[in-house]
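Given the structure of chain A, go ahead and fit chain B onto it with the hints provided.
There are 2 protein chains.
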Amino acid sequence: MDQQVHFVTLATPDLDAARQFYTAGLGWTPLMDVPGEIIFFQVAPGVLLGLFDAESFRRDTGGSASGAPAGAHGMSLSHNVGSREEVALTIGRLVHAGGTVLKDPQDGEFGGIHHGLVADPNGIIWEIAHNPGWRVDQIGNVRLA
Amino acid sequence: MDQQVHFVTLATPDLDAARQFYTAGLGWTPLMDVPGEIIFFQVAPGVLLGLFDAESFRRDTGGSASGAPAGAHGMSLSHNVGSREEVALTIGRLVHAGGTVLKDPQDGEFGGIHHGLVADPNGIIWEIAHNPGWRVDQIGNVRLA
Chain A
1 MDQQVHFVTL ATPDLDAARQ FYTAGLGWTP LMDVPGEIIF FQVAPGVLLG
51 LFDAESFRRD TGGSASGAPA GAHGMSLSHN VGSREEVALT IGRLVHAGGT
101 VLKDPQDGEF GGIHHGLVAD PNGIIWEIAH NPGWRVDQIG NVRLA
Chain B
146 MDQQVHFVTL ATPDLDAARQ FYTAGLGWTP LMDVPGEIIF FQVAPGVLLG
196 LFDAESFRRD TGGSASGAPA GAHGMSLSHN VGSREEVALT IGRLVHAGGT
246 VLKDPQDGEF GGIHHGLVAD PNGIIWEIAH NPGWRVDQIG NVRLA
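One line per chain: the protein sequences are A and B, in this order. For the first sequence, our numbering gives the first residue as 1, with consecutive numbering after it. For the second sequence, our numbering gives the first residue as 146, with consecutive numbering after it.
Where hints are given, some of them may not hold.
[Stated by the list, open to error] The calculated SDA-like cross-link candidates involving lysine to any residue, where the alpha carbons are at most 20 Å apart (straight line), are:
#, chain 1, residue 1, chain 2, residue 2
1, B, 248, A, 62
2, A, 103, B, 146
3, B, 248, A, 55
4, A, 103, B, 207
5, A, 103, B, 208
6, A, 103, B, 206
7, B, 248, A, 58
8, B, 248, A, 1
9, A, 103, B, 205
10, A, 103, B, 203
11, B, 248, A, 61
12, B, 248, A, 63
13, A, 103, B, 204
14, B, 248, A, 56
15, B, 248, A, 60
[To be verified] Among the chain B residues that face chain A by a calculated CB cut under 10 Å, a handful are:
#, residue
16, 151
17, 153
18, 154
19, 155
20, 157
21, 173
22, 176
23, 186
24, 190
25, 197
26, 216
27, 253
28, 271
29, 281
30, 285
[Claimed, not checked] Going by beta-carbon spacing under 8 Å, a handful of chain A positions derived as facing chain B:
#, residue
31, 46
32, 61
33, 72
34, 73
35, 80
FYI, nobody ran anything at the bench for these hints, they're computed from the structure. Ideal Cβ placement from N, Cα and C applies to all residues, glycine included.
Next comes chain A alone, as it looks inside the complex:
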């Protein structure tokens, strides 16, 4: 099996709040939007993020309704920016769009990173980071210093 992810799909209890946050709030463009079901955004070359109605997700994956939280837990998405200043600026934009700060911008434990955390309206955690040791070469290979 190739070392490749094509879709990241997240259980989303409130799709309307998600649409508002990512499109009106952040200015993102959905590739496909099926109200009440799923919204797809392209988030990297060849990669889609799917925000999938939480009940449909539960049914589709055969998960039990009892006990498990409705949304996506134990996972985060990271977005890298070009400077420390941009970390605070981007977190400000996410908050303006309806996000909630989980961790104010601060230096990370290793790697020289500076980062903060914001939850979207469905509790999906976004890390906004400046990571001077991270770069992507011309053909898309990631390098970590």
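Positioned in the frame of chain A, the structure of chain B alone reads:
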């Protein structure tokens, strides 16, 4: 904020089982492996999948230990293959590597897809799909029919 994900990070209760599954089992190559902490795999141009020790993830995101499940829940990763036959074949490989079938290969509800689901040793859900309406153009733009 650009419409871009750079890292997908998953809380991983058993990093050693994850390493065994993805490297020995599937033949994947880590970009970085810090035993007891995190394993990074590049999974798309410019995108890393980070399997992060679940307790470190919890501490890093300020989550409470009580109630929340330790691993990643309410999310799945999808891997597309070129034919219906490859769906069954790939699922067989994941099972051979130590995965657990959650859904046998079958036709999906819409879009003409044929897919199945496998959980990795930490419960991370992989969808293996043949989706004839999905393609990626030369510059990495995804098209959905």
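Determine which of the earlier numbered hints do not hold for this structure and return their numbers in increasing order. none
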